[in-house]
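Chemist: Here is what each chain is made of, one letter per residue.
Protein chains: 2
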Amino acid sequence: MDQQLRDTIARFRIIDGKGFDLSKFDPAETVVANKQLAEEQVEDDAKLIDRLQDQLFAERKRALLVVLQGTDTSGKDGTIRSLFERTSPLGVQVASFGTPTALELAHDYLWRVHAACPSRGHIGIFNRSHYEDVLVVKVRKLADAAAIEKRYAEINDFERMLTQNGTTIVKLMLNISRKEQGERLRERAKEADKRWKFNPRDLEDRALWDEFRDAYETMIRRTSTSWAPWYVVPADKKWNRDFLAASIVVETLEKMDPRYPDISLDPKAYDFD
Amino acid sequence: MDQQLRDTIARFRIIDGKGFDLSKFDPAETVVANKQLAEEQVEDDAKLIDRLQDQLFAERKRALLVVLQGTDTSGKDGTIRSLFERTSPLGVQVASFGTPTALELAHDYLWRVHAACPSRGHIGIFNRSHYEDVLVVKVRKLADAAAIEKRYAEINDFERMLTQNGTTIVKLMLNISRKEQGERLRERAKEADKRWKFNPRDLEDRALWDEFRDAYETMIRRTSTSWAPWYVVPADKKWNRDFLAASIVVETLEKMDPRYPDISLDPKAYDFD
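These protein sequences, in sequence, are chains A and B.
Every number in my numbering is 1 more than the matching position in the first sequence, counting from 1.
Every number in my numbering is 1 more than the matching position in the second sequence, counting from 1.
Treat the hints loosely; a few may be bogus.
Treat identical chains as interchangeable: a pair holds within one or across any two.
[Said to hold, decoys possible] With a Cα cut of at most 30 angstroms, we get these calculated DSS-like pairs of lysine-lysine:
hint, residue 1, residue 2
1, Lys198, Lys48
2, Lys151, Lys48
3, Lys239, Lys269
4, Lys62, Lys180
5, Lys19, Lys195
6, Lys25, Lys239
7, Lys25, Lys191
8, Lys48, Lys191
In short, the hints are calculated from the structure, not lab data.
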């Protein structure tokens with residue numbers, strides 16, 4: 002990866018969240034010249050992610066966790082597809098976190114999340130995550146405010162423990178505008194093949210747009226760390242979103258630099274006939 | 002899918018295992034003219050599997066379980082990659098069953114398997130499965146012989162229950178020859194990028210080739226049912242294996258015929274601005 006792209010990625014990486022201002026990040030920004038260039042690069046990146054995951058698996062020492070957060074229609078599913086379509090299903094573990102079940106609610110909020118963390122050698126993807134516990138839970142007041150307030154530090158501690166035990170964490174906030182969300186919801190409601198995805202309740206969350214926006218901003222301010230940075234990905238253009246997200250994952254994997262283990266073995270010592 | 006291909010698939014499908022004779026199935030047989038044709042068709046099938054899974058997910062009523070069994074190097078990993086590479090990781094749940102852990106051994110042998118069955122809307126893939134409990138467990142005498150004897154009927158009952166509750170089951174036995182296995186193991190030991198896959202213990206299983214062959218034959222005789230048939234896939238040629246396996250999965254999904262739900266909804270009734 003060239004230095005120019007590294008510098009671009011760095012502009013969207015939040016390591017120290019103090020004073021983070023979401024309004025300074027334009028959801029419609031693009032960091033690649035056009036759609037065609039973006040799609041070609043994403044296709045190449047997807048193949049590279051597959052190869053690097055294979056090496057990660059051969060090593061069996063470390064894991065990568067990709068956390069995806071964003072409002073409805075921000076493109077979490079699409080991002081997962083674009084980035085990991087070329088990776089063998091054996092190498093990827095996806096966990097989607099919806100409304101907690103009764104069993105999950107009977108535990109602390111990190112319980113179900115911890116259970117779904119990737120095992121060594123794998124890439125884990127969180128489609129929504131423990132961050133819902135400081136987003137929708139906060140906006141809709143589904144837990145005690147004082148308890149929610151403590152979660153930012155608890156999450157930072159939890160993620161530090163994970164990274165110290167071999168899991169690299171990348172957190173992607175898919176940043177779309179209110180206008181773009183409206184267009185995507187309208188499209189879902191209109192098209193027969195997409196209508197099953199449309200939930201009128203999404204419009205209730207949409208009515209709380211500003212509250213969610215503030216919760217996202219606070220989340221990034223308080224849980225951007227050197228060991229588990231947030232990336233604010235401009236997501237109004239799907240091709241730009243995929244291009245930047247793929248670049249971030251590739252850069253992270255390349256830094257991890259997984260390698261096939263160097264096994265000394267004399268093939269002649271074995272009988273294969 | 003044309004009738005000719007359906008007829009071809011039927012030749013490898015075992016519904017009634019009585020008198021099943023594995024020696025009548027040639028691991029080197031090919032059912033497609035050449036490698037290029039096979040690879041093009043598998044690429045198309047992979048995209049079709051993705052679309053059909055999306056419809057299965059939209060329905061959320063049924064699941065597909067693909068069970069993969071075969072000796073070391075028979076190509077289980079490669080088959081998974083070829084067939085499901087184009088399916089979103091969100092739609093596929095892979096479970097690999099290795100040597101049971103202490104916790105798993107503290108339960109009946111179907112416990113860990115049941116827990117890993119696919120949820121509605123998903124394709125589950127078993128990379129090895131409960132069938133190891135009548136294969137390696139039988140050959141290496143890791144359980145009481147009388148208990149193992151009862152497992153064939155228990156497994157049939159378990160699978161009937163799954164199918165009656167919405168899970169379609171397809172079982173693929175990847176059939177390779179002893180000679181081809183020897184060549185693949187030799188290649189693993191020789192190549193630096195593959196050496197980490199080589200386990201000298203695989204040669205111990207290889208020394209028990211005939212015992213494993215007999216265990217596979219008995220397994221197919223006793224667990225081929227109308228509700229969960231075995232398919233004996235000639236697997237010496239990787240492209241033939243992928244072609245036939247992909248055709249079987251596509252045929253099964255087409256028979257399931259998942260459809261986007263017909264939701265009546267007036268987009269004008271909602272405010273997207």
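Chemist: Classify it for me, Lys239 with Lys269: is the Cα-Cα distance of at most 30 angstroms met within a copy, between copies, both or neither?
Modeler: Answer is between; shortest inter-copy Cα gap is 26 angstroms, intra-copy 53 angstroms.
Chemist: How would you label the pair Lys62, Lys180 (within, between, both, or neither) given a Cα cut-off of 30 angstroms?
Modeler: So Lys62 and Lys180 fail the 30 angstroms test inside a copy (44 angstroms) and across (34 angstroms) alike.
Chemist: If the cut is 30 angstroms between Cα atoms, do Lys19 and Lys195 qualify within a copy, between copies, both or neither?
Modeler: So Lys19 and Lys195 fail the 30 angstroms test inside a copy (40 angstroms) and across (47 angstroms) alike.
Chemist: Reference check for the pair Lys25 and Lys239, CA-CA at most 30 angstroms: within, between, both, or neither?
Modeler: within (20 angstroms within a copy, 53 angstroms between copies)
Chemist: Given a CA cutoff of 30 angstroms, do Lys25 and Lys191 count as a within-copy pair, a between-copy pair, both, or neither?
Modeler: Intra 33 angstroms, inter 55 angstroms, cutoff 30 angstroms: neither.
Chemist: My question is about Lys48 and Lys191: at a cut-off of 30 angstroms on alpha-carbon distance, are they close within one copy, between copies, both, or neither?
Modeler: between (34 angstroms within a copy, 25 angstroms between copies)
Chemist: Quick one: Lys151 to Lys48, C-alpha cut-off 30 angstroms, is that within a copy, between copies, both, or neither?
Modeler: For Lys151 and Lys48, the Cα distance exceeds 30 angstroms both inside one copy (40 angstroms) and across copies (46 angstroms).
Chemist: For the identical chains here, do Lys198 and Lys48 meet the 30 angstroms Cα criterion within one copy, between copies, both, or neither?
Modeler: Classified as both; 29 angstroms inside a copy, 21 angstroms across copies.
In this structure, the earlier hints numbered 2, 4, 5 and 7 are contradicted, and the remaining ones agree with it.
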